[in-house]
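Asks: The residues making up each chain are set out below.
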Amino acid sequence: MSNTTTETEQPPAPDDSAAERLSTAPVESDGPTGIGPFGWARWMWRQLTSMRVALILLFLLSLAAIPGSLIPQYQNGQGQLKVEAWKAQHATVAPIYEKLQLFDVYSSVWFSAIYILLFVSLAGCIVPRTWQFVGVLRSQPPAAPRNLTRMPVHAAWRTEADADVVNAAAHRLLRKRGFRAHLSGGAVAAEKGYLREVGNLLFHLSLFALLGGFAWASLAAGTGGKLMVQGEGYSNTITQLDDFNGTRFYGSQDLDPFYLKLDSFTSKFQTKGDQIGAARQFTANVEYYAGSDESKLKKSTIEVNHPLEIGGSKVYLIGHGYAPVVAVKNGKGEVVYRGAVPFLPQDGNLTSTGVVKVSDYGVGPDGNKTQLGFSGFFLPTAPLSFEGTGPVSLFPGDAAPELVLNAFAGDLGTDSGLPQNVYQLNTRKLTQLTQDGQPAKARLKPGEGWELPDGYGSVTFEGYKQWASFNVSHRPGNSIALVGGVLAILGLIGSLFIQRRRIWVRAVPLPGGGTQVELAGLARSESAKIAEELAELAVDLQDDAPASEDEDDATETDVPEETGAPAAPDASSDPAVPADQNSKE
Amino acid sequence: MQLASAVDPQLADLSNKLIYSAMVVYTLAMFAHMIEWTFGSRGAVAVRSKEQSVTLAETVAAADAKAAKKVTVTVAAAGGGTTTLTRTAVAGEGATVVTSGRGADEEDGPGAAGTNERADLAGRIAVSLTVLGAALHAGGIVFRGLSVSRWPWGNMYEFSCAFAFAMTAAYLVLLASKKNVRWLGLPVVLAGLLTLGIATTVLYTDSEQLVPALHSPWLAIHVSTAIFCGGAFYAAFIATLLYLGKDSFDKRIAAGLTTGPLGTSASIWRRLPAASTFDKLSYRINALVFPLWTFTIIAGAIWAEAAWGKYWEWDPKETWSFITWVAYACYLHARATAGWKGRKAAYLALAAFACWLFNYYGVNIFVTGKHSYAGI
Ligand code: HEM
Numbered sequence: 002m003s004n005t006t007t008e009t010e011q012p013p014a015p016d017d018s019a020a021e022r023l024s025t026a027p028v029e030s031d032g033p034t035g036i037g038p039f040g041w042a043r044w045m046w047r048q049l050t051s052m053r054v055a056l057i058l059l060f061l062l063s064l065a066a067i068p069g070s071l072i073p074q075y076q077n078g079q080g081q082l083k084v085e086a087w088k089a090q091h092a093t094v095a096p097i098y099e100k101l102q103l104f105d106v107y108s109s110v111w112f113s114a115i116y117i118l119l120f121v122s123l124a125g126c127i128v129p130r131t132w133q134f135v136g137v138l139r140s141q142p143p144a145a146p147r148n149l150t151r152m153p154v155h156a157a158w159r160t161e162a163d164a165d166v167v168n169a170a171a172h173r174l175l176r177k178r179g180f181r182a183h184l185s186g187g188a189v190a191a192e193k194g195y196l197r198e199v200g201n202l203l204f205h206l207s208l209f210a211l212l213g214g215f216a217w218a219s220l221a222a223g224t225g226g227k228l229m230v231q232g233e234g235y236s237n238t239i240t241q242l243d244d245f246n247g248t249r250f251y252g253s254q255d256l257d258p259f260y261l262k263l264d265s266f267t268s269k270f271q272t273k274g275d276q277i278g279a280a281r282q283f284t285a286n287v288e289y290y291a292g293s294d295e296s297k298l299k300k301s302t303i304e305v306n307h308p309l310e311i312g313g314s315k316v317y318l319i320g321h322g323y324a325p326v327v328a329v330k331n332g333k334g335e336v337v338y339r340g341a342v343p344f345l346p347q348d349g350n351l352t353s354t355g356v357v358k359v360s361d362y363g364v365g366p367d368g369n370k371t372q373l374g375f376s377g378f379f380l381p382t383a384p385l386s387f388e389g390t391g392p393v394s395l396f397p398g399d400a401a402p403e404l405v406l407n408a409f410a411g412d413l414g415t416d417s418g419l420p421q422n423v424y425q426l427n428t429r430k431l432t433q434l435t436q437d438g439q440p441a442k443a444r445l446k447p448g449e450g451w452e453l454p455d456g457y458g459s460v461t462f463e464g465y466k467q468w469a470s471f472n473v474s475h476r477p478g479n480s481i482a483l484v485g486g487v488l489a490i491l492g493l494i495g496s497l498f499i500q501r502r503r504i505w506v507r508a509v510p511l512p513g514g515g516t517q518v519e520l521a522g523l524a525r526s527e528s529a530k531i532a533e534e535l536a537e538l539a540v541d542l543q544d545d546a547p548a549s550e551d552e553d554d555a556t557e558t559d560v561p562e563e564t565g566a567p568a569a570p571d572a573s574s575d576p577a578v579p580a581d582q583n584s585k586e
Numbered sequence: 005m006q007l008a009s010a011v012d013p014q015l016a017d018l019s020n021k022l023i024y025s026a027m028v029v030y031t032l033a034m035f036a037h038m039i040e041w042t043f044g045s046r047g048a049v050a051v052r053s054k055e056q057s058v059t060l061a062e063t064v065a066a067a068d069a070k071a072a073k074k075v076t077v078t079v080a081a082a083g084g085g086t087t088t089l090t091r092t093a094v095a096g097e098g099a100t101v102v103t104s105g106r107g108a109d110e111e112d113g114p115g116a117a118g119t120n121e122r123a124d125l126a127g128r129i130a131v132s133l134t135v136l137g138a139a140l141h142a143g144g145i146v147f148r149g150l151s152v153s154r155w156p157w158g159n160m161y162e163f164s165c166a167f168a169f170a171m172t173a174a175y176l177v178l179l180a181s182k183k184n185v186r187w188l189g190l191p192v193v194l195a196g197l198l199t200l201g202i203a204t205t206v207l208y209t210d211s212e213q214l215v216p217a218l219h220s221p222w223l224a225i226h227v228s229t230a231i232f233c234g235g236a237f238y239a240a241f242i243a244t245l246l247y248l249g250k251d252s253f254d255k256r257i258a259a260g261l262t263t264g265p266l267g268t269s270a271s272i273w274r275r276l277p278a279a280s281t282f283d284k285l286s287y288r289i290n291a292l293v294f295p296l297w298t299f300t301i302i303a304g305a306i307w308a309e310a311a312w313g314k315y316w317e318w319d320p321k322e323t324w325s326f327i328t329w330v331a332y333a334c335y336l337h338a339r340a341t342a343g344w345k346g347r348k349a350a351y352l353a354l355a356a357f358a359c360w361l362f363n364y365y366g367v368n369i370f371v372t373g374k375h376s377y378a379g380i
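Protein chains in written order, with our numbering: chain U, 2 to 586; chain L, 5 to 380.
Among the hints, a few may not be true.
[Said to hold, decoys possible] To spell it out: a stretch of chain U is covered by chain L in this simulated footprint if at least three of its residues, at any positions, have a beta carbon under 8 angstroms from a beta carbon of chain L; those stretches are:
| no. | stretch |
| --- | --- |
| 1 | 62 to 73 |
| 2 | 154 to 167 |
[Claimed, not checked] Think about it this way: if two alpha-carbon atoms lie no more than 27 angstroms apart in a straight line, the pair counts; the simulated DSSO-like pairs of lysine-lysine are:
| no. | chain 1 | residue 1 | chain 2 | residue 2 |
| --- | --- | --- | --- | --- |
| 3 | U | 100 | L | 183 |
| 4 | U | 83 | L | 321 |
| 5 | U | 269 | U | 446 |
| 6 | L | 321 | U | 530 |
| 7 | U | 262 | U | 299 |
| 8 | U | 530 | L | 345 |
| 9 | U | 330 | U | 269 |
| 10 | U | 273 | U | 227 |
| 11 | U | 88 | L | 345 |
| 12 | L | 183 | U | 530 |
| 13 | U | 227 | U | 269 |
| 14 | U | 442 | U | 466 |
| 15 | U | 273 | L | 182 |
| 16 | L | 21 | U | 530 |
| 17 | L | 183 | L | 284 |
| 18 | U | 330 | U | 442 |
| 19 | U | 299 | U | 269 |
| 20 | U | 530 | L | 284 |
| 21 | U | 262 | U | 466 |
| 22 | U | 297 | U | 273 |
Hints are computed from structural coordinates only; laboratory data are not their basis.
As the structure is a prediction and not an experimental result, all values here were calculated from the model.
We treat Cβ as the ideally placed atom computed from N, Cα and C, and that holds for glycine.
Sequences are here, hints too, so could you generate the full structure?
Replies: Structure follows, in structure tokens:
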């Protein structure tokens, strides 16, 4: 076809329906075509990668995520404890829930099945769409449909200008407006807004990057916990960590080597108002070096939102509390124990509980080898009296610190070789010391001592230090997920804010002289902009193709089928309907 | 032990007074809007459109006289009607005049007031009151922030105030940019009052400093975008409801009935914009906000990474943000899937907004997680 054609007969448009499709969304198929398992497999694959199934899977995904927000989960912070507590409360349903993996929703079989299917569907959808889009980029914009005045947005007028001149002018104007335009067969076909499709593909592809980042993190991440009292330090090895959770590619032998010491800890609390006691600042002042080179010791701080990165691991501040310093003397006045013992906070005002284990006590008053144990409370701000409340702290700051102790003697069980919880006293083989027939108890202020009954010696509450607990986390894959997230947003912006649209212009010489100019535009139904764009183009085009005086009559008579309803109501049989109005069922 | 930095009680008190005053003014605006709706008459609608078409013809004719170029673009509407858009370039000046008219079945109603002048006056008063209310409201938020020298969104009370303001401001900006959205006035003022009402009664907390977990620049970013998204989703929700209502109304009229859904007066529906206008509006808002909501979630994940060491822990708040996100993605997909457009997509949009609401109120009140802030 040449652009100098002067026939009044309009050139047939090669593929009207292809010309209308503005999205590379998959077309829905009716039912299995072909026979045998292959036909069925192909049909199932088509179903899986269809928009309708994608929609259903997305919906299922959001439904499936709900139970995990209402039932405690193992993988949440302190999940184990909460799950156990929940199970104890709901003894009858707990086994059923356990079977249904309701305490582990996000790694359960059914949740995984949904998102894996979704991603398979996505891959099956996105790969062909990408190829198709590359094809679109390499070919010319689709040729003009036969009857432009039957398109949803159109304009027409009569001019005395030459048809070829008009077409050439339209081609030039569309190019100037940034359209990819193509002049052939006496008509101009133009398209703009390819970035929309690019954005859409980019968005969906970057979801894979997000998933990949997630997956890599769950295969190669590890977290450990460490509690340190002011002045203590540790090397990041499995023996010195309090606990460690590894994964396939980051086990206990892969721990990033470094040394970390807690120099001091600063805390501030609200002192007035209805939020009295709420935390306002926590800062851990630390010293550290990466690897094993002590000479590279550096100082730094760790705060709640400001972790410290040391050689592949990040160290987060996650908790703090008080560690009373206690000295114990035996009956002969020899110091058998002295140390700072971390007590664990039980409430927002840091009422803390803990135990002191004196395993090297030696010989007791009765001449036998024995051990002492103390359990008790540390109250940073003790009330004047425990009457009615028991030992509870009034404020998390150390305004009136007190240590409350009970004393036990006997066998602590530390020699059995079994691992022991340092925060609990196993009282099975211990007897509580008594005074005047009552359990022996003491309330001590810093510096005060307590003479134990029955000649067991004495305890001195020498003072207290603060402790802080840290999470040591090695998590690769974060940057992959972050890049995925950023690309997803960019893709979405392109996909949702850019309009992909087509404009066709055709100028045809009329039998009685003069030229009929027709313009049509196609965009998604959500935008009214295409009409304005077409109007602007038409106004510009009238510089080269001024409308004839009797313009109004001309359009009415020359295109009789336009009067009435230009867009036929039965949209599905009308080729001139935008893609998103086409029935794809 | 050191003392936390102090709160300025005078400023905090001023902030509370401003918020209460804003509520009073919004209430007055609500009454004015109600008067507008009551006095606005349907009978006058026909007159109005005739009048309108006369002025339309006059404009076109006036432009025609001097016009060098004039183009009429015909746009087919989904319902089978047509719209025309006329663009005229005036000779010499190069200026263009755009006039549009609409086909019969796609006509937007004239607005709450109809042609009744008293009703129109009431509507104008309502808008002025809303502007005043918004100014007081903004003052309340600013002084709350000043009283503690930080961003004023550290707890549920503060979120709610900021969120109601975002919604009202969005409406006023649309109005100021000459968009025909005065019909939104009543629902926006109602929603704003409801939010502030819940905030000042159920969620109120004294002005205080933040817990350390909230000391982060991501607070300002994450929370302010979340508030903006909330306001916009709210507006889209109202538009979706109105779309469903108007669509039912159109169907009922087509079926020969004379009232709107739930026995509402036909006059109200006639004065509202066309169903397709509501549909487009709700889509546009949702589509506009979705990337920002995605950003909000990612910003939250970055903050969580800094605070807790893991960017995603399936904490209830995170989970519900995710659910909301997927639900809105579902809605956007539905708009592109045959057989799911129109009402079905609108139901998905309602479900997505319900997820958002639950995330906002439900999770903070009924479920405990790491996102539990001071107060509530
Ligand atoms: C992994 C979960 C998915 C998410 C979160 C998601 C999200 C989205 C969003 C937000 C849009 C709106 C952007 C726009 O309107 O252009 C969109 C569009 C689209 N999605 Fe997905 N999608 C997912 C999976 C899929 C799958 C499995 C398919 C293939 C069947 C698919 C095909 C499409 C298509 C074709 C569009 C563009 C529709 C149009 O032309 O407007 N998506 N998607």
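Asks: None of the hints should be skipped; say for each whether it holds.
Replies: Right, here's what the structure says about each hint:
Coverage of the stretch 62 to 73 of chain U by chain L holds [criterion: at least 3 residues with CB-CB distance below 8 angstroms; count 7]. Check on the stretch 154 to 167 of chain U: 4 of its residues sit with their Cβ under 8 angstroms from a Cβ of chain L, so the three-residue criterion for coverage holds. Proximity of residue 100 of chain U to residue 183 of chain L is assessed by CA-CA distance (about 56 angstroms); at most 27 angstroms being required, the pair is judged violated. This hinted pair checks out: residue 83 of chain U and residue 321 of chain L have alpha carbons roughly 17 angstroms apart, not beyond 27 angstroms.
A threshold of 27 angstroms between alpha carbons decides the hint, and for residue 269 of chain U with residue 446 of chain U the separation of about 22 angstroms falls inside it, so the pair holds. Using a Cα cut-off of 27 angstroms, the hinted pair residue 321 of chain L and residue 530 of chain U is violated, with the two alpha carbons roughly 39 angstroms apart. In summary, the hint linking residue 262 of chain U to residue 299 of chain U is supported, as the alpha carbons are separated by about 10 angstroms, within the 27 angstroms threshold. The suggested pairing of residue 530 of chain U with residue 345 of chain L holds, with an alpha-carbon distance near 21 angstroms, which does not exceed 27 angstroms.
Distance check on the hinted pair: residue 330 of chain U and residue 269 of chain U sit about 35 angstroms apart at the alpha-carbon level, beyond 27 angstroms; violated. With a CA separation close to 33 angstroms, the supplied pair residue 273 of chain U and residue 227 of chain U exceeds the 27 angstroms bound. For a cut-off of 27 angstroms, the pair hint linking residue 88 of chain U to residue 345 of chain L is broken: about 44 angstroms separates their Cα positions. Between the alpha carbons of residue 183 of chain L and residue 530 of chain U the distance comes to roughly 15 angstroms, so the proposed pair stays at or under 27 angstroms and holds.
Among the hinted pairs, residue 227 of chain U with residue 269 of chain U is consistent with the structure: their alpha-carbon atoms are about 22 angstroms apart, no more than 27 angstroms. With a CA separation close to 23 angstroms, the supplied pair residue 442 of chain U and residue 466 of chain U stays within the 27 angstroms bound. Between the alpha carbons of residue 273 of chain U and residue 182 of chain L the distance comes to roughly 49 angstroms, so the proposed pair goes past 27 angstroms and is violated. Restraint check for residue 21 of chain L and residue 530 of chain U: not satisfied, since their Cα atoms lie roughly 45 angstroms apart, outside the 27 angstroms limit.
Note on residue 183 of chain L and residue 284 of chain L: the hinted pairing holds, with a Cα-Cα distance of about 14 angstroms set against a maximum of 27 angstroms. Using a Cα cut-off of 27 angstroms, the hinted pair residue 330 of chain U and residue 442 of chain U holds, with the two alpha carbons roughly 17 angstroms apart. A distance of roughly 25 angstroms separates the Cα atoms of residue 299 of chain U and residue 269 of chain U; the hinted pair therefore holds under the 27 angstroms criterion. Between the alpha carbons of residue 530 of chain U and residue 284 of chain L the distance comes to roughly 13 angstroms, so the proposed pair stays at or under 27 angstroms and holds.
Of the supplied pair hints, the one linking residue 262 of chain U and residue 466 of chain U holds, its CA atoms being roughly 15 angstroms apart against a limit of 27 angstroms. With a C-alpha separation of about 44 angstroms, the suggested pairing of residue 297 of chain U with residue 273 of chain U is violated against the 27 angstroms cut-off.
Taken one by one, the earlier hints fail for this structure at numbers 3, 6, 9, 10, 11, 15, 16, 22, listed in ascending order.
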